[in-house]
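Here the protein sequences come in this chain order: A and B. If you read the first sequence in the numbering used here, its first letter stands for residue 129, the second for the next number, and so on. If you read the second sequence in the numbering used here, its first letter stands for residue -1, the second for the next number, and so on.
The reader is advised that the hints may include incorrect statements.
Covered stretches of chain A, going by a simulated chain B footprint (3 or more residues, C-beta under 8 Å) [unchecked claim]:
| hint | segment |
| --- | --- |
| 1 | 177 to 186 |
| 2 | 214 to 223 |
| 3 | 231 to 239 |
Note that these hints are calculated values from the structure, not bench results. Just so we're clear, the structure is a prediction, and the values are computed from it rather than from any experiment. Glycine residues also receive a C-beta, built at the ideal position from the N, C-alpha and C atoms.
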Amino acid sequence: AAGVIQSPRHLIKEKRETATLKCYPIPRHDTVYWYQQGPGQDPQFLISFYEKMQSDKGSIPDRFSAQQFSDYHSELNMSSLELGDSALYFCASKVVGVTYGYTFGSGTRLTVV
Amino acid sequence: SQQGEEDPQALSIQEGENATMNCSYKTSINNLQWYRQNSGRGLVHLILIRSNEREKHSGRLRVTLDTSKKSSSLLITASRAADTASYFCATEAQGGSEKLVFGKGTKLTVNP
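Construct the entire structure; sequences and hints are all you get.
As structure tokens, this is what we get:
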């Protein structure tokens, strides 16, 4: 069965650089969620999109932006990277209104040096 | 403030023993879910319990939900070394985008 695909798996950037993370949801899923998980921390909700429109926003820095495209894939853009942005970034997809467990991608590990 | 606080933060047991993890939350929920995460890897859905359910089983997993106390527990029976992982509860709040709010997780170590 198709899963949520994230790319890249690993990314190393220097401070003040820009990073773009990509998420390809399960086909026919209409909603994408982004989460950030720092070392030893729980996943924190960043932002979500429903049918290509932002549906909710969490603790996402102003330096970050995201969008969902016509093919439903989503990208998280992170600018002016800081050391504290080093984390695992997950996306998940689901069909809104249907009750079942979320499917998460394998994540992108971002290291800022 | 963060929902889904869990205890214990770490749990070490021997193979064959049972492991119990607890989770508390603060708002009204549609459902509560448990996820497993191997070190540095992705989150894997284990089990979901709806707000109108009190107990649910799946294989060696048993989940309870007490909405009056806003708490849940996950029991893993007859644990195996392969169960070693971090376990997170996550709540889906009523209304809104159906986003999940995660607790801080329990790190379970099962010793062979």
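Outcome of the hint check:
1. 177 to 186: n = 4 at 8 Å, threshold three: holds.
2. 214 to 223: holds (count 4)
3. 231 to 239: holds (count 6)
The structure fails none of the hints (numbered hints given earlier).
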